Each structure stands twice: as C-alpha cells, then as structure tokens.
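The listed protein sequences correspond, in order, to chains U and B.
Heads up: the first sequence runs through residues 1 to 611, numbered per the working numbering.
Heads up: the second sequence runs through residues 612 to 937, numbered per the working numbering.
Think of the hints as simulated: they come from the structure by calculation, not from any bench.
Note that the structure is a prediction, hence the values are computed from the model and not measured.
Any given hint might turn out to be false.
Said to hold, decoys possible - EDC-like cross-link-like pairs, simulated, lysine to aspartate or glutamate; straight-line CA separation at most 16 Å:
1) 68/U / 807/B
2) 337/U / 365/U
3) 645/B / 807/B
4) 668/B / 294/U
5) 664/B / 294/U
6) 670/B / 88/U
7) 68/U / 735/B
8) 660/B / 65/U
9) 17/U / 708/B
10) 902/B / 294/U
11) 68/U / 663/B
12) 670/B / 294/U
13) 775/B / 807/B
Said to hold, decoys possible - Partial pick of chain B residues on the chain U-facing surface, computed with a CB cut under 7 Å:
14) 643
15) 667
16) 885
17) 887
For glycine and all other residues, C-beta sits at the position ideal for the given N, C-alpha and C.
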Amino acid sequence: MKVLGITTQQEFFAGSKERNFRINEFLVVEDKQGDLIAEVVEAQTFNRYIPLNVYGDFVDASVIESMKALGYDVDEETIYVAKLRLLEEALYPVETGSDVRVPKFSEIKNLMLRTKKEEGLCLGVIRNTDSLYEECEDEFKDLLYTFEEKGLVKQRELPYIMDLKSMHQYPHIGVFGGSGSGKSFGLRVLLEELMQKEIPTIVLDPHYEMDFSDCPDYFKDEKRDFNAKFKCLQVGLHVGVKFEDLTAGDLKNLLDASSPLSDAMNNVVDVLFKNKDSYLSFSNRLQALTEAQEEGSVQRIQQKIDNAKNNDEKDAWEVRKDLFIQYDKTCPYNSVKGILWRLRRLYNEGIFSKDSRDIENYLKDGFLVIIQGSTRILQVYSTYLLNNIYHKRREYKDAQYKKAAAEYFPPFIVVTDEAHNFAPKGYESPSKSILKEISQEGRKYGVFLALATQRPTLLDETITAQLNTKLIFRTVRASDIDTIKEETDITSEEAKRLPYLRTGDVFISSAVVGRTIFARIRAAYTVSPHTQNPFDELKQKKNEDDEKFMRIISNKLPISEMDLLIATMEIERDEKITLTQDELIQKLENLYKKNLIGRESTPFGYRYIKL
Amino acid sequence: MLSINDELKSKLTDLNGAIAKKYSPIFSNNFDMKIFLEQNIGTIVNLEKLSEKELSKIKEKGGLVAVDGSTNRKGGSFPHYIELYQGLAKSTNQDVEDVYLTDIYTPILSDIKENPLEDEEETDEKNRRLAQIEVKAALESVKKRPPYALVMDGGLIRYTIYAKELWEELVEFCLLNDVILFGTIKDIKTKIIGEELKNIYKDLKGPLYDREILFGFLQYKEMLTIYDELNKKEQSGFSSGFLRSSLSPNIVGIDIIEEQRHLLIDMAKLIVTLTPENSRGVPLFLDIVDKEVKITDDLIEALLERYLDRDIYERLFVSERDKRNL
Chain U
1 MKVLGITTQQ EFFAGSKERN FRINEFLVVE DKQGDLIAEV VEAQTFNRYI PLNVYGDFVD
61 ASVIESMKAL GYDVDEETIY VAKLRLLEEA LYPVETGSDV RVPKFSEIKN LMLRTKKEEG
121 LCLGVIRNTD SLYEECEDEF KDLLYTFEEK GLVKQRELPY IMDLKSMHQY PHIGVFGGSG
181 SGKSFGLRVL LEELMQKEIP TIVLDPHYEM DFSDCPDYFK DEKRDFNAKF KCLQVGLHVG
241 VKFEDLTAGD LKNLLDASSP LSDAMNNVVD VLFKNKDSYL SFSNRLQALT EAQEEGSVQR
301 IQQKIDNAKN NDEKDAWEVR KDLFIQYDKT CPYNSVKGIL WRLRRLYNEG IFSKDSRDIE
361 NYLKDGFLVI IQGSTRILQV YSTYLLNNIY HKRREYKDAQ YKKAAAEYFP PFIVVTDEAH
421 NFAPKGYESP SKSILKEISQ EGRKYGVFLA LATQRPTLLD ETITAQLNTK LIFRTVRASD
481 IDTIKEETDI TSEEAKRLPY LRTGDVFISS AVVGRTIFAR IRAAYTVSPH TQNPFDELKQ
541 KKNEDDEKFM RIISNKLPIS EMDLLIATME IERDEKITLT QDELIQKLEN LYKKNLIGRE
601 STPFGYRYIK L
Chain B
612 MLSINDELKS KLTDLNGAIA KKYSPIFSNN FDMKIFLEQN IGTIVNLEKL SEKELSKIKE
672 KGGLVAVDGS TNRKGGSFPH YIELYQGLAK STNQDVEDVY LTDIYTPILS DIKENPLEDE
732 EETDEKNRRL AQIEVKAALE SVKKRPPYAL VMDGGLIRYT IYAKELWEEL VEFCLLNDVI
792 LFGTIKDIKT KIIGEELKNI YKDLKGPLYD REILFGFLQY KEMLTIYDEL NKKEQSGFSS
852 GFLRSSLSPN IVGIDIIEEQ RHLLIDMAKL IVTLTPENSR GVPLFLDIVD KEVKITDDLI
912 EALLERYLDR DIYERLFVSE RDKRNL
C-alpha cells in the first residue's frame, strides 16, 4: 500500500494492488515525519479494463473468459483505492509514495480503548477491527455478543466502551435515528449498562417499552437478572404529585403542560392558590367562585342567602359572596373556569392521588426508575418531577459548597425517547425549560441527559447543541441528515452512508475522542415487551378464543338447531356468558369451518356433533 | 452559431462528388468484388472462435506475449524538443513480469546535423528508436520464458526496416524455440488489392488502398488470405491476410513470418477469439498493452517538470504553442 496523488496535511489517497481497504479501518503511514495514523473514510476498487471501456469499446464476457482461459485474468488488474484522513493533522502534507501498513494493536490502543471496562459502558463493538482483536488484552475479550446476518455471534471486534467518568466534562448524550434503525434498542443497551453500574437514572417512557424483566430467547442460558435494579412506575397509579407540596409555580407548570396558560389564568392561580392548599380546598374555592360569578352580582348572591332553605346553604352562599367580593375584579369568570377544567382533568388522570417519594427513594438506592404514562401525562408530570428532583440535587450541591447542611440527593441521568415531544423546537413547553436548564448547567450538579429522537430537526436547538456525545443510527430524511451534519463532526462521506446503515450500526460522535467511531450496538440482555409481531398476536388470540369456546361447548355437543335456546341457557348458567342464538350459531359454524367439530343434516336443520 | 464559409461548403460538396467518381468502377453493382478477389488476390475463409480447450492448450504452451510501443514529444520545432519512447512486452501469463523499456531522444544533444530541413530524417530517427525498443522488449520477454506466440503491434515490415539486426535475432530465437511470431495491423496501409485492380482496370487512377476496398466487404469472422505469389511480390518475407474481427466494418491485417505461414489462419482465429464483438476490431489484450504503454501528454509533462530543472525545461522545451490557451 502506497500513498498516491496529491496529499494534504489532513487527507490523502492510498492505493494497493493486493489488499482491499475497509471503511473506518485504521492504517499507519510511514511518512518522513514519522508514523502517522489515518482512518479510511472512503474505499473504492477500480479495474481499468472492467466495465471495459478500453478506448470506448464495450467488452463482452466471452472475451474475458477467453482471456482467462489463456491465463490472463483481468480481475487481477483490479486496484484498490482509499481516501484516508489523518487522526491528527500533520505538520506537512503526507509524502506521496510513502508506505502504508496495517497497524499493530499497541499503536492504536489508545484510540480505541481508552477506558477500562469497569469504568465505562460497554455498548458494542467498533466495526472493522477484527484484525486487531487477537492482539488485544484479555480484559477486552468475550465481553459481549452482537447480532450479525447469521444470528448471535460472539465478540470478535474491539469493544466500544463509552467513558462514564468523562460525562463530567461532556455530560449529555443524544441518540438519533429513524424508526427501525436500532435507536430504541441502543437506548435499551445503554440503560442496561447504567443499571449494571447502578447509576441513578430516570427514564420517561411514553411507549411502555422500557421493561427489563423479559429475557430474549437467545440469552436463555446466560440470563441476566435486572429485576433488583429497575422499577417501572406509572403516573397516577404508582406515582403522582402531592398537591399539598405544590407551590403556585409548580401548579402553573402542571396546568400549563397541555397548552399554555393565558396571563389571566396565570393570575387566577397566583391569586386563588394558597400555600398548603389541598386539591379539595383549592378546587372548592374555584368552584364556589365560579358559582358566585354565575349569579353575576352581590345583590343576587344576597338574594340567595336570604332565600336559603337551611343554614348550610346559607353559609355556603356567604362564602361565595366573600369570594365574589374579593376576587371577581381580578379573576375573570372564563379564566377561573378554564383553570378548574384543567385541574379536574389532571385529577381525573390520577396525578394528585400519589406522591413522588418512591421515585426519590429508588434513585437514592441507585435504581433505574422508569416513569410510564401517555406522552401528555409525561409532559405534565416530568415537568414537575424534573424540576423537583433537579432542584433537590442542586440545593444539596449548593449547600455543600456553602458548607451548610442539606439532605443528600444523588447525581442522576435523565433518559427519554421521543425527546422532541419534551423539548420541541419552535414553541415553548414547560418540560422544555427544565430540560434546557439541565442541558446548560446540569453538568455542574451531576445531572445528565440522554435524549433519543427520530427527528433531531424537531429537537430544541439549544439542547441539541449541548449533546456532546451522539449516537447516530440510520437516518433517511434529508433534513435530519443536514441537522446531524451541522451538529456533529460527522463527515460528508459518513453522512452519505447514513441512509444505508444496517439496523444497529451506529456512528458515535464523541467530544471525548474528538472524532466519529463506527460501531455496532451489542445484543441486548433483555427484550422489549412489544416485540411480538402484531399479526402473530392476532392469530394467537383467535386460536385462544376458539380453544376457550371449544372447552365450553364440547360437553354440550351434540347441539341441533332445535336446541339452540336450551344450549344458550345452559351456557349462561354454567359459564355466565350470555349469547344470543345467532351468536351461538356463528361460533359453531366457525368451529365447524376450522374442522374442530362436525355438522350433519337432519330433517330439522343442522346438528353439530363431536368429531 | 458558427457561420460557415460558403466556399468551404461548396468545396466539400465537390470533393464528395470527385471521390464518388473515382471509386465508381469498383463500387458499381455490376462489379463482383468477390470473384475478382478469389481470382486475383486470395481465398476468403470463415474463422471459428477457438474453444476453451484450445485456449488452455495455448496457455500450457506459454500463452501469448503482446508487444507495443509508444512515443510522445514535448517541445517545439527542431531541435527544441524531447521525445520519450516506451516499449512494453506483456504476457497473458501473469507470472511473467512485464518488460518495460524506455528511451529518450532530443536533437539538442545529438550532433547529427545543424538543421535538417528534411523532416524525413527526424521521422526516421523516431521510427528507428521505437522499433528497436519494441523488438528489444520482445526479445527480453521471450527469453525469460518462450511463449506460444508473440504478437507485435503493427505490420512486421517496419521492424525489418528500422531494427534489422535485432529483428533477425528475434526471428531466429522464435524459430528455434517454436514461438509463433506475427503482427496485427489496426490501421492497414497496404495497396495490394488496389494495385491488382489497376492492372486490370486501366482507367482507375491514383493510389487505391486495401482498407478502402475491404471496408464493409468482409463479413464478421471472414478472412481474406493472400496468395503466396502476391506476398512474394512484396518481397517482405511475410505472409499476410485481412480479416474482420468484430462487427465493425473495419478490417484488420495480420502478418506472419514466412516460415510459419501455415499458422496464419490459426492466429487469425486467436485474434477473432480475443476481440470483443462490439469493438473496433482490436483484440482486447492488445488494447490493454497499448493503454499500459502509452505515454500521455500529462505524463510526459509531469515527468519533465519533476525531473528537469525548471530553467532547462522552460528554456528548451516549452514552445509558444504550449502557452496558447485560446
């Protein structure tokens, strides 16, 4: 292998007659300046006689075959050309004609494996490093499996280990990729590693997919149990907001989450919400005020008081009158009503029925806490939760600095899929402001983000700019590729490959390493609960239903069309299932068509019998 | 739009008429060229492509070596130019290394004469050097490992004129070692048929070249082998033929040394086998050799700029024409 053509300090071409180049492999140039390490960024093969237009002639296969028979193999004229980029800029352009060779492991160890496996997250393998695998230390061998065309394969390339400690300098992670590109899968592997390291982590999971209890079939023998390391909590069912702990600001954030509050509505909360209010006291106050406002004037309320049938009613109207006098001027009726509706909606979703203490306790124990709920609920809840726990961590750190006492709160990582829903570009959303705050100053307090999205273009730009490590999976949309190109150090050659990446292959652009690594995510030890094919599911459900009905019906056979009424009654009595005669016939016909029961003709219509 | 001089147009039209008139006797419908050729020139035979078995036999016997040369010149008029020559002998047997030979000539360092007005001598020098370098390359290659056949690019007569001694050595070596020696001619310049025609049709005037007559006449894979008497008349010591080796109507020529004339048709078959159907009629292997040996303008310029002092290069070899860029 030799350096060819015009070279620069950064890039050059190398050619070889014998050895094909592989993309992303490392090679050493024996230059006058000393050995330089370069990475293949583009590989080409070229045969100047195929596709055969020597002087514009089109050559047919028979001639090639004849030449082969003569002993001249045109294929051997193939030359291999690669574009290489130096990892560090050289002082002078690379000397044309210098030899290029395959490096020894020791020469590039520092580029590939900077982190010990105990100190990093072992996410996958670095592609095209199999030639170096044999030479590498045992510590880095047999760590993981990958999925290839053939199925599960033992590690045979160098591992990609993401440096955990460097998150202190380069805190946030972005995971980009279209649907089916392996993005959620990559996120799962990342979370598995975080669990193994017992890093406190909060996951916002709108898809109910981040469950780590199921083990995939291929790992039945080497099952890893994460059950003591993660906890799925559903908003409204397991966790919520303790209304009594809310400040007016928190409450506004919650109410604001589905759509922005108007100024008047903000004012209603400020004016009407009292510290230590319970849900009931606050909503009753709102309710009473609206009722008073519906009467329209003090006189009419006074009339109600005067005409009250009993003392309770009288007292109630007295309260309304006070509220009316105090607040009618500052709180317009429509805004009060609006706040009340929003508050009721949150209540009905169960947000106020629980508190968030569990989450805090699990985090303190180093758990991975998965918060599940619909996207809307999560938008609302995460705003409250993240504000809450981020500030707890912040207070602890600030107090530590001021040498004051404060309750310990651990550093933690916030992980979410579909991050563009939580921090959208272009419009305000309450969860965005807290994510933005964390992205900008979370590093100081040890709070980190890992945001996954299939539409990086839709993610808030300030946040995107703060993602120092980016995992980029297959991306097809041109606008997203452009965003990725802008936001990462990915080269145009690599960007061209983005639409064609295999599922699970990923470019990892890391500020720590200062360049992009082409890697493959390892096989996950757990599996998402959503992996069943929906069409298999339909079939299975159908079979289950049939079996169930067969059990019910089998001891009642034979049933003739004359006895349908009796049969439905018996079924209702024994199984508590009510069927009409038509439904029963339909079900019997269905079983007959599937050859599960027989059918014979009688003078009185059909008769269904056992087979 | 470019405007075209009307005079030029009419002159071209006249020219077309004159040419048509000149060839009218032989291209008219009542003249049967086939009969004339068979009576006076040679036999038309059909060639079959060689089978894979026959080809592997050739491979076992050492394969095929093809020789070609290339020359290029940089500079202006005498004596301020430099010529590079390169000869290549390449074997289909990829174990045999290619033989590259090179030569350089510039009148500046030769003391032949002050200012030769006749262009001929200059051309002679060029032809001599090129022919010699080709034969030398051929000799070196066949001596390494004698092939089954050695094919020269172009007619063999050139070598007897410009590289007589070396050529004789090569012929001798080939005969001793059973190497078939032949040449293929992409651009035939002979007038064998024309001269015979003129003997018979006295009203034909001017030179008549074989390529004009045979253009489109032979069918694909047909070959016209020339009668021995005619070959002898040429006194070159070669036996030759014309064949159409591709679908293109162009004809290529083939020369073989007299002692091996019984192998002429076999070699023609080899040419047909190695020529792509839709090509200009040149065997692919010869095109490959041609391409590898070629000294392109860019190459010669790059070489001179790299290895000559800038002062020498500019002073002696950069002509006014090189600097034109309109």
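**Message:** Holds or violated: residue 902/B and residue 294/U, Cα atoms, limit 16 Å.
**Reply:** This hinted pair is violated, its Cα atoms lying about 97 Å apart.
**Asked** Are the Cα atoms of residue 668/B and residue 294/U separated by 16 Å or less?
**Response** Not satisfied, since the Cα-Cα distance of roughly 110 Å exceeds 16 Å.
**Message:** Let's test the interface hint: is any C-beta of chain U closer than 7 Å to that of residue 885/B?
**Reply:** holds, 6 Å
**Asked** Holds or violated: residue 660/B with residue 65/U, Cα cutoff 16 Å?
**Response** holds, 12 Å
**Request:** Verify the proposed pairing of residue 68/U with residue 663/B, using a straight-line Cα cut of 16 Å.
**Result:** Given that 16 Å is the threshold and the Cα spacing comes to 9 Å, the pair holds.
**Prompt:** CA of residue 775/B to CA of residue 807/B, is that 16 Å or under?
**Reply:** violated, 29 Å
**Given hint residue 708/B paired with residue 17/U - CA-CA distance at most 16 Å** = The given pair, whose Cα atoms are some 15 Å apart, holds under the 16 Å limit.
**Prompt:** Is residue 670/B within 16 Å of residue 294/U, Cα to Cα?
**Reply:** violated, 107 Å
**Request:** Measure nothing beyond the straight line between the CA atoms of residue 670/B and residue 88/U; if it is 16 Å or shorter, mark the hint as holding.
**Result:** Answer violated: residue 670/B to residue 88/U is near 51 Å, above 16 Å.
**Item:** Hinted contact residue 667/B with chain U - closest CB pair below 7 Å
**Value:** holds, 5 Å
**Message:** Just to be careful, I want the Cα atoms of residue 68/U and residue 735/B compared with a cutoff of 16 Å; is the pair within it?
**Reply:** The hint is violated at about 39 Å.
**Message:** Between the alpha carbons of residue 337/U and residue 365/U, is the straight-line distance 16 Å or under?
**Reply:** The given pair, whose Cα atoms are some 43 Å apart, is violated under the 16 Å limit.
Of the hints listed earlier, those the structure fails to meet are numbers 1, 2, 4, 5, 6, 7, 10, 12, 13 and 14, in rising order.
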